[in-house]
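Novice: Sequence:
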Amino acid sequence: MAQKPSIPKGTRDFGPSEMVKRNYIFDTVKSVFKLYGFQPIETPAMENLSTLMGKYGEEGDKLLFKVLNSGDFLTNAPENILTEKNSTKLTHHISEKGLRYDLTVPFARFVVQHREEVQFPFKRYQIQPVWRADKPQKGRYREFYQCDVDVIGSNSLLNEVELIQIVDEIYNRLNIRVAVKINNRKILSGIAEVIGQPDKIIDITVAIDKLDKIGIEKVNLELEEKGLPRQAITQLQPILNLSGSNIEKLVQIKEVLKTSEIGLKGVSEMETVFDWLAPLQIQCPVELDLTLARGLNYYTGAIFEVKALDMQIGSITGGGRYDDLTGIFGLPGVSGVGISFGADRIYDVMDHLDLFPKNAATTTQLLFVNFGEKEQSWCLPVVSQIRAKGITTEIYPEPAKMKKQMGYANDRKIPFVAIVGEVEMNSGLITLKDMENGEQYKLSFDELIDKLSSK
RNA sequence: GUGGAUGUAGUUCAGUUGGUUAGAGCGCUGGAUUGUGGUUCCAGAGGUCGCCGGUUCGAACCCGGUCUUCCACCCCA
333 MAQKPSIPKG TRDFGPSEMV KRNYIFDTVK SVFKLYGFQP IETPAMENLS TLMGKYGEEG
393 DKLLFKVLNS GDFLTNAPEN ILTEKNSTKL THHISEKGLR YDLTVPFARF VVQHREEVQF
453 PFKRYQIQPV WRADKPQKGR YREFYQCDVD VIGSNSLLNE VELIQIVDEI YNRLNIRVAV
513 KINNRKILSG IAEVIGQPDK IIDITVAIDK LDKIGIEKVN LELEEKGLPR QAITQLQPIL
573 NLSGSNIEKL VQIKEVLKTS EIGLKGVSEM ETVFDWLAPL QIQCPVELDL TLARGLNYYT
633 GAIFEVKALD MQIGSITGGG RYDDLTGIFG LPGVSGVGIS FGADRIYDVM DHLDLFPKNA
693 ATTTQLLFVN FGEKEQSWCL PVVSQIRAKG ITTEIYPEPA KMKKQMGYAN DRKIPFVAIV
753 GEVEMNSGLI TLKDMENGEQ YKLSFDELID KLSSK
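Heads up, our numbering is the position in the first sequence plus 332, with the first residue counted as 1.
Check the hints yourself; a few may be wrong.
Simulated restraints, written as ranges between beta carbons of each label pair [said to hold, decoys possible]: (1) Lys545 with Thr407: 45 to 51 Å; (2) Pro410 with Gln371: 41 to 47 Å; (3) Glu556 with Pro689: 49 to 55 Å; (4) Arg562 with Glu587: 19 to 25 Å; (5) Arg562 with Lys470: 36 to 42 Å; (6) Ser338 with Ser785: 41 to 47 Å; (7) Asp466 with Lys421: 21 to 27 Å; (8) Glu449 with Phe777: 48 to 54 Å; (9) Pro689 with Arg562: 54 to 60 Å; (10) Val583 with Asp466: 35 to 41 Å.
Calculated lysine to aspartate or glutamate pairs in the DMTMM-like style (CA-CA distance at most 25 Å, straight line) [unchecked claim]: (11) Lys429 with Glu391; (12) Lys745 with Glu779; (13) Lys417 with Glu390; (14) Lys532 with Glu554; (15) Lys341 with Asp434; (16) Lys765 with Glu754; (17) Lys733 with Glu705; (18) Lys558 with Glu390.
In case anyone wonders, no lab produced these hints; they're calculated from the structure. We put the beta carbon where it would ideally sit given N, CA and C, even for glycine.
Can you build the whole structure from these sequences, using the hints too?
Specialist: In structure tokens form, the structure reads like this:
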């Protein structure tokens, strides 16, 4: 009895029509990355758990897919932990590999491991799937592609500016209206410092990240639950209520943070970024958003998030600066900054808004109808010559009924069909049918090439 | 991980208070048309009603479990 085939929860198959559209996204993203001088790398799907664990916060560790050790993986597990049934403890004994959760941490590992070979500053792009054991929803998958660009080994804020340019360029090319939100972890640290709660930085950021979603009341409630003193919460209020232009906000926050060295550093970084950004022709709005926090806890400086303006979906691009990521792997003092484009969410947005170019569906330009062996051997060399001219051409692989072959061309949206039978072989002229308007012409080889190249 | 919804033909969906043989549109296959698709007409194939169990004389329908997809929380691309 054959079982019904299926794939794991949160994963998907992609058919030809979807792949054409997905490749359109990958191609434009990649071409912009290259335009800015980034170089490609790839890393394995699996990493050692030791390089993955502890980099994404407590939640992140839970969302890692772990791979069981090969062989009889239970033999090395201590008896007491087995009987205890403590999954967390048991994991260390039965699993030492995991599927990568993002591309940034593997990249940091790559840089440290290949430090003698890479030229700093190292600008790399990487387009590969990542896996998260999240509960799937719309726009949330367990396997999805990230398109990362990072510059590592350069502290310059020029990199932050260039990343924003890249975001702008890519979304212009894809025709998606977006807003870039930017903030700085140093400012957030400064805030925590000023209100006297430097060790509560993560709780504070996570809570205020939800400001526009749940409102100020509930944010305050959450802060209280996390053990923040009343007074600290009160001190936080003016910061949450900042308004005005980016510059105006920075002026206000500077005043609040005047006693915090790190906070002022963050403010000055943001000032520089906006300063350098000003004369550039950036199409999309770039907004300083002090409630933007981002959960990944390796960020230390600028943080970015990009939202689609015309569809309600999670962020479609995110990133930031990380000063210590390579330090964890034994190479301190190398700062990096990067962003990640979520290809699958970009696809969902473009599909929903019908932004994919129409002609993207066409792959084959010309189909030769197959009438039989004699006609086939006459056509085959002609087909090769046409392909040599760079025209995508197919010949139907068997002498099926005309109706079937025409139907194939129709379904595949092939714009031209070549018909070669007795008459054509004798005259040397090929009958070319335009599938759009049904018109037919008898053309010489050169005329046919001419006709198809002009399209 | 917590809470809530959902699942019927390839697909989108009907299916009455539990009652004989579970329907439709689109798609698919064949024919009208042995050298002409996309339009039209005719015919046909295709379903263990997500899966497992229970209640019942009888379950697509009621109950329990499980899986999928979707929504909210959490988090994120």
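Novice: Decide, hint by hint, whether the structure agrees.
Specialist: Status of each hint after checking the structure:
{"no.": "1", "hint": "Lys545 with Thr407: 45 to 51 Å", "result": "48 Å, holds"}
{"no.": "2", "hint": "Pro410 with Gln371: 41 to 47 Å", "result": "45 Å, holds"}
{"no.": "3", "hint": "Glu556 with Pro689: 49 to 55 Å", "result": "52 Å, holds"}
{"no.": "4", "hint": "Arg562 with Glu587: 19 to 25 Å", "result": "23 Å, holds"}
{"no.": "5", "hint": "Arg562 with Lys470: 36 to 42 Å", "result": "39 Å, holds"}
{"no.": "6", "hint": "Ser338 with Ser785: 41 to 47 Å", "result": "46 Å, holds"}
{"no.": "7", "hint": "Asp466 with Lys421: 21 to 27 Å", "result": "23 Å, holds"}
{"no.": "8", "hint": "Glu449 with Phe777: 48 to 54 Å", "result": "51 Å, holds"}
{"no.": "9", "hint": "Pro689 with Arg562: 54 to 60 Å", "result": "56 Å, holds"}
{"no.": "10", "hint": "Val583 with Asp466: 35 to 41 Å", "result": "40 Å, holds"}
{"no.": "11", "hint": "Lys429 with Glu391", "result": "18 Å, holds"}
{"no.": "12", "hint": "Lys745 with Glu779", "result": "22 Å, holds"}
{"no.": "13", "hint": "Lys417 with Glu390", "result": "20 Å, holds"}
{"no.": "14", "hint": "Lys532 with Glu554", "result": "12 Å, holds"}
{"no.": "15", "hint": "Lys341 with Asp434", "result": "19 Å, holds"}
{"no.": "16", "hint": "Lys765 with Glu754", "result": "17 Å, holds"}
{"no.": "17", "hint": "Lys733 with Glu705", "result": "14 Å, holds"}
{"no.": "18", "hint": "Lys558 with Glu390", "result": "16 Å, holds"}
In the structure shown, no violation is registered for any of the earlier numbered hints.
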